[in-house]
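2 protein chains.
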Amino acid sequence: MTDSSCISIGLLLFPALTQLDLTGPYEVFARAPNTKVHLIWKNSEPVISDRGMAILPTVTFDTCPKLDVICIPGGPGQIDLMEDEETLSFIRHHSAQSKLVTSVCTGALILGAAGLLQGYKATTHWASLDQLALLGAEPVNARVVRDRNRITGAGVTSGIDFALSVVAAIYGDNVAQNIQLNMEYDPEPPFTSGSPRTAAADLLKQVKDQLAPLIEKRRLATVRAAANKMG
Amino acid sequence: MTDSSCISIGLLLFPALTQLDLTGPYEVFARAPNTKVHLIWKNSEPVISDRGMAILPTVTFDTCPKLDVICIPGGPGQIDLMEDEETLSFIRHHSAQSKLVTSVCTGALILGAAGLLQGYKATTHWASLDQLALLGAEPVNARVVRDRNRITGAGVTSGIDFALSVVAAIYGDNVAQNIQLNMEYDPEPPFTSGSPRTAAADLLKQVKDQLAPLIEKRRLATVRAAANKMG
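Chains B and Y supply the protein sequences, listed in that same order.
1 is the number of the first residue of the first sequence in full-length UniProt numbering; add one for each residue after it.
1 is the number of the first residue of the second sequence in full-length UniProt numbering; add one for each residue after it.
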């Protein structure tokens, strides 16, 4: 902790997060040299992902050290955090001291609710991208978006691309390329349905219909968070 | 458990595994309809990954139900399992009843040590691919390899491609495509260094040199496991 040359990266580990939003970047960050990765939550109990995986925090809000990089993943549990002042205050406090303030997937909406994306270009999961504007951010339809010291990734699996970009920004290209080769990150998706841009129209409609109730619930939370910020 | 229409998928969660080998496929499998995903280890204590993430098993060797799909991830902890008869017996027992016997990364070497890849085409992490031959498998330099009911993925991040292929095989293409769009799996690696095929020669040498001690330790374990199988 007192080794000032060690880079400290903290990922928020919250109930009902989408675990791959966190585990993808963790795998990349934890391979960087002279780096300590923290999994942060309010207490030390196992945190259960939206699909039932239990992961243990390594630090709490009270014991979390100063972070060089703070990263907020997403997932349905994000909705409850949009008005959770304890979490938003924690994020604000650490972001003010961090070199990079980052998110994956709908974690960007939490950053927005904390008032940290006002006037910044940002991205999030494609199905919620428009909601960033309600929080004063400028939505950008891209996989990874950097604007000054904010770096945001798109949906779920973008976390791997995002984290390699963050590592390149901090440690240089060679370190990121080394990690990419070690992780054999040479993706070959079996289908081209990974984006609204490439998915068939009927598949896109199917997924939009399935997601509609969640997206509406999220939108209402975003609207309330935007009102709170103005208040 | 008694719902015979529910598909049961079990992932081995072992000490010093590479967590993304497991968490990538978990994220895909857990999104499939009418599916229960199990994280299996000898006991219920948290299991620590090679880079310090603690994940909780959901079932033990004793309580694990019959599996439709068994999946063995990889990572340095794989080396100790190559001669761990308790684990190899568990894998053999469940594989005999499973519809699909699968692995990600160096999990293929564990399947091989259990005698389950003899005469099968298979793949694993690029840096250990040749070791499959010592266990009687036919190494194939591909991201995902299917031979009869064995499906093996290459290194770490291949687990996502692998899992989408498994889901397509079980549930059909539409389900896999739906999950791919939900996970926004439209990868854009920031570099082209994810494979020995595409990485620069000096980078490849750098990574090979770094990995050499681990690969040699692994090779000795593979040689011993091959001898045990013959014995």
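Since the hints were made in silico from the structure, they are not lab data.
Here a beta-carbon is modelled for each residue, glycine too, at the ideal position from N, C-alpha and C.
Any given hint might turn out to be false.
[To be verified] In the DSS-like style, the derived pairs of lysine-lysine whose C-alpha atoms are separated by at most 30 Å in a straight line are:
no., chain 1, residue 1, chain 2, residue 2
1, B, Lys208, Y, Lys217
2, B, Lys36, Y, Lys36
3, B, Lys217, Y, Lys217
4, B, Lys42, Y, Lys217
5, Y, Lys217, B, Lys205
[As the list claims (entries may be wrong)] These stretches of chain Y come out as covered by chain B in the derived footprint (C-beta under 8 Å, 3 or more residues):
no., region
6, 18–24
7, 53–65
8, 106–117
9, 147–161
Evaluation of the provided hints:
1. B:Lys208 with Y:Lys217: Violated - the C-alpha atoms of Lys217 of chain Y and Lys208 of chain B are around 49 Å apart, more than 30 Å.
2. B:Lys36 with Y:Lys36: Judged against 30 Å, a Cα distance of about 34 Å means the pair is violated.
3. B:Lys217 with Y:Lys217: Violated, because 52 Å separates the two Cα atoms, which is more than 30 Å.
4. B:Lys42 with Y:Lys217: 40 Å, violated
5. Y:Lys217 with B:Lys205: 51 Å, violated
6. 18–24: holds (count 5)
7. 53–65: It holds: at least three residues are needed, and the region 53–65 of chain Y offers 5 whose Cβ sits within less than 8 Å of chain B.
8. 106–117: violated (count 0)
9. 147–161: Coverage by chain B holds for the region 147–161 of chain Y (7 residues, Cβ < 8 Å).
Consistency note: the structure conflicts with the earlier hints numbered 1, 2, 3, 4, 5, 8.
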